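Protein chains in written order, with our numbering: chain W, 6 to 143; chain X, 144 to 293; chain S, 1229 to 1408; chain F, 14 to 325; chain C, 536 to 952.
No wet-lab data here; the hints were simulated from the structure. These figures come from a predicted structure and were not determined experimentally. Don't take every hint at face value.
Unchecked claim - Simulated pairs of lysine to any residue, SDA-like, Cα-Cα distance not exceeding 20 Å: (1) C:Lys581 with X:Ser194; (2) S:Lys1245 with S:Cys1330; (3) W:Lys9 with F:Gly234.
Unchecked claim - Listed next, the stretches of chain C that the computed footprint assigns to chain X, with coverage defined by at least 3 CB atoms under 8 Å from CB atoms of chain X: (4) 577-588; (5) 703-712; (6) 737-747; (7) 837-845; (8) 849-857.
Using N, Cα and C, we set each Cβ at its ideal position, and we do this for glycine too.
Take a look at the letters that make up each chain.
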Amino acid sequence: MSLKLKALCKSPWIFHVNTGACNNCDIELVDALTPRFDVERFGILLVGSIRHADALVVTGGVTRQAAPRLKRLYEQAPKPRLVIACGSCACSKGIFHDGYHMAGPVDQIVPVDIYIPGCPPKPEAIIDGVVKLLKKVA
Amino acid sequence: MKEREELVTKIEEKLAGKAVSSRRDIPNRMYVYIEGEDLPEAVRLLFDELSGRYVILTGVDTPVGVEVLYHFSFDRVGLVVTLRVLLDKDKPEIDSITPIVRGAEWIEREIHELLGVEFVGHPNMRRLILAEDWPKGVYPLRRSYGKNTT
Amino acid sequence: MAKAGKKTASSTTPQKKRLLVDLEVCASCAECVTRCDYFYHPENNGMLSVRERATMSVVCRRCENPLCVSVCTRDALEKDADGVLRRYTMRCVGCKSCSIACPFGTLFPEIIPYAVSVCDYCAGRLRKDEVPVCVGSCPLHAVRFEEVDEDIPSPAERGVRVDDHLVAHALPWKKEGAKR
Amino acid sequence: MSPLWMAFLILVFPGFAFTFAFAMAFAWIDRKVTARVQWRVGPPFLQPIYDFVKLLGKEVIVPLGGAKVLFLLAPLLGLSAATLASTLVWQANLWPRPGRGFVGDLIVAVYLLTIPSLSVILGGFASNNRVASLGSSREMKMILSYELPFIVALIVPIVNAGGSIRLGEILLGQSAVSHPSGILAFIAAILCMQAKLGLVPFDAAEAETELMSGPFVEYSGAPLAAIRLTRSMMLFVMPVFLITVFWGGITTEGGVLSVIVGSLKVLLLLVIVILLRNTSPRIRIDQAIRFFWGPFVTGMAVLAVVLSLLGA
Amino acid sequence: MKRTIIPIGPYHPLQEEAGFFQLQVEGEKVLDIDVDLGYNHRGIEKICEARTFDQIPFVVERICGICSTSHPLAYVQAVEEIARVQVPERALYIRTIIAELERLHSHLLWLGLAGHFIGYNTVFMWAWRYREPVLDIMEEMTGNRQNYAMMKIGGVRRDILEQDLPKIRKMAEDLRPVLDMFVGAVMDDPVIHARTKGVGVLTPEDARRYGAVGPTARASGLAIDVRKDDPYAAYDRLDWKVITGESGDVFAKAAVRLLEIAESIKIVLQCLDQMKPGEIDTKVKEIPPGEGIGRVEAPRGETFHYVRSDGSNRPVRHKVRAPSYVNVPTFKATCIGQTVSDATIILAAVDPCYSCTERMAVVDAGAGKRPVEQYDLVAVSQREGQKMLRSLAGKVAQTTLEKKLAEGYRRIGWKAC
Ligand code: SF4
Ligand code: SF4
Ligand code: SF4
Ligand code: SF4
Ligand code: SF4
Ligand code: SF4
Ligand code: SF4
Ligand code: SF4
């Protein structure tokens, strides 16, 4: 494993994108930062600018309005970049699958590296997903 | 509740001549059918004179026309008064109430977009809730739109 | 239901056309899945509910200890005062246990859908010489729109008038004949 | 001084390598203590290094329409300034003899310590991003607001050291924060330090929730690593600088003990910085200006100068 | 000075949802705002029309994860109004408990986010830390930390077990000292005062014009609270106060929320005392044709659901009006003229979440045109419009329309209206 990847696994900075989620996934994601779960232990930081991000955490099935933005955000992220689809919506459009304003689950818009199902996934599940992703990358 | 009954009587008096008919199956819900052209005046009566709180508008597509419901809440007595207007299906058009109720701006635009209702006199009728690439003249809440079965 | 229908029937004009479903002809081919122009649900397939009601009215054997009712875990089936089966749409989950349980094969699985539709018999919607869309959809002409005589034979013999608007037809069955 | 020795001073000890190591450690302490204050566990010790190495390995994106050279150069400018400042300050601390260093190295150090902020402004304006520009203009206002009281506060030790502007002599001139004037100036300087470090409550320039990280918005990869490193270095250099001018610095004269005492002083300042940033909300830029120009900071600094001139 | 546009979002770090505010600024001052919220539009109202009545609670609780009990509750109340169902006593208490626990966690969540918005991360972490016990209790009672799936037409889906009662009580009582701490720490901090007092003032008149609800309106002195005005669940049997503020600024909104936490604790404890064993569900058979309105005081204000049924087991129209839909526009009234740094906290004070707003709106930022002028223009164009309408659509057309409607309603078996 190259040093680059090793460092990446030790310090994955995430950028959160809500593409039409119901807040729950987002809250659980932020919850993972807070004292009970504290993902900073693993070097995970939530960053404010897409340029600083290593991983895009996408929550929500992608609405038609959000789809082009998601694509653009993905292109703006510096390589190497990972995409995490967090929540059933992001994985498969979830309960909103037949809404008229849905452009598709995340993987139809940008390539996805790992899927975290659950509605919402518990913070534990999110952490587990990230860990599995890092194992996959490493 | 005496207070509520008094208010209802007052509303009925005020709206007399405008209300085509009204219905009140349960005490705290009142539905008043009115003509489209009386609407701004009726809204002004409810909102300004009787200080009802604007809640929201609902648009419904029916085979006989597009119906728009104007919900107002009278909080002190827990009464919800709903004005209902039926618009022509081919050319749904109604006066905007945004000049009277500022908060109605978004919802009128939303109904415009989802149901194709024209709000005459709306200050800012721009594209609203749907994606920028949404086709023109397609109204997702119309009965004719798309499949609807599970 | 049936009772109410009978009562009001006398007040309607005898010439009135009604929807007639001939369950003997019907092959359950499900061709009659039609977008019927019901008041609200544009995708409504009223034929399903028509067939359900017809079946429950004329084909069902009105068992004294109905297995379908006892098997339903949701208490969704009940017999009304006339012994006609009714399904409560808010309770039924469409699991189809009842169609498996019925010893007479009355309840075809396809007539007990989870999401039900409503048929209002196109009342008031039809102009002169028009027929409901569902009528044309049946390739076997099991669904018709006809004037039916007021004195249709009793249920036991030919068919049953369900109510003001619907006539269902099936082969007669007799309780005695059904014995071993 | 031979060039080789110079290079060693700047690149290894007490320059880049040394500062780097401590910067990383201080960044860790900062994050760890913050985490503890917030009931969290916090990152592992090597975390800042992981972050740094990772950023080096990331793609560098230059924003479209940005001034490419300036955009990439600005972080390096900041980084070298921080390195040089560290070298200067440490030199004064380690060999605090009168005559060592050069006349006015205090002034040079102050300048160098300003450059990281200036580089941030340059970088922000070079990124051709509205948010970054707004961040930069805020940073500019911040500099205007805190630089004045900072310099005023620095007059106090100069006066107390008999008017010398050599770091080494200032260091010797004041044995401890013994004068009331010194204490007042010290407090003012600490507040300015907080602003110089760009930490809450004075982080309006990069307010994460308003401007997503302000001037740094467009940075990625190695330049971002440089920026972060600069900031960590500042986190290390600023406390050292302050104790150097106000509180006797870290000297080797008194053997191990004085080194320990000196280190404790630095750590104390660091803890103050961290606590300050964790117990207050961010203040608005106009409030910050008013705060620094108002009686509390500038007033205090001026008062300290007056006192020191009176010999108190 | 030059005008620039500062976007907040759509993908902004801590605003959980994809709201898109464009601030038009001159230097630091906000001149106008362009709001754009469509990123979350999922077409839920249409999805609901294709679901059966029993499935919809699961859909509407996913309108938003924070109000994930208010929406189903409002919905089931609307349907119960159609079917005229009497909900069993115990179910009413359970509904109240769940709704108040939701308010607890939601207000704590807000407190944290507001702290974060003004860069006070310690408050953020602490508030969220103390929110965890509430979620734990929720998980224990309902099986999930969010999206509780407790509401059901005619009752609730699960009973609260006897052995859970002491746990709830303990959790609620443990929260009291925490609350005191927050009140002390937040309400007395001079820097917080400086950042929030007199900032983003919403006048009562503006609140009314925009139809603001919940803490946003109450902070401006409007004492509106559905729980008192049109009591549902068990609220009319309990003793509690409607908290109102006066100044309508960010500080007042924060104070109202903090004090409401105390009221919620009180309500939960009373429910635990009063609750008696019994049925929790009336098994509804059918939903007759008709229409109903359900209103619930969600943590952010009145949630309004309008449901119309045609007698099948799916609604024909389900309208959702969540609190943020009327609260977010007030942001425009409160924010103009303030600085960019204040904009975020003003925004946070409304506690905006756009999942429910679920649609996008663009408020015209038309260069230089102030909203006041816009509305003046409206008056003119409206007068013109009315004239036109009169001449176009005479009485005749209106009467035919009415006939059509009456005919339509007659067919679906409604009383003419
Ligand atoms: S909770 Fe149960 S029913 Fe629902 S998705 Fe998971 S396994 Fe399936
Ligand atoms: S997966 Fe569930 S919790 Fe997550 S956004 Fe979708 S509906 Fe909400
Ligand atoms: S189309 Fe005709 S034969 Fe086929 S199921 Fe329908 S009624 Fe029966
Ligand atoms: S399909 Fe419906 S009626 Fe039949 S057993 Fe299942 S729930 Fe009962
Ligand atoms: S549909 Fe079939 S598998 Fe699913 S719960 Fe019902 S019986 Fe079980
Ligand atoms: S078991 Fe079959 S025949 Fe008997 S009542 Fe039920 S449906 Fe009718
Ligand atoms: S009679 Fe009319 S409403 Fe009934 S199924 Fe046929 S077309 Fe549909
Ligand atoms: S106001 Fe809307 S988005 Fe906010 S918590 Fe409530 S339902 Fe969710």
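Hints and how they fare:
1. C:Lys581 with X:Ser194: violated, 32 Å
2. S:Lys1245 with S:Cys1330: violated, 33 Å
3. W:Lys9 with F:Gly234: holds, 12 Å
4. 577-588: holds (count 7)
5. 703-712: violated (count 0)
6. 737-747: Per the Cβ count (5), the hint holds.
7. 837-845: With 4 residues closer than 8 Å to chain X, the segment 837-845 of chain C meets the three-residue bar; holds.
8. 849-857: holds (count 4)
Checked against the numbered hints given earlier, this structure breaks hints 1, 2 and 5; the rest are met.
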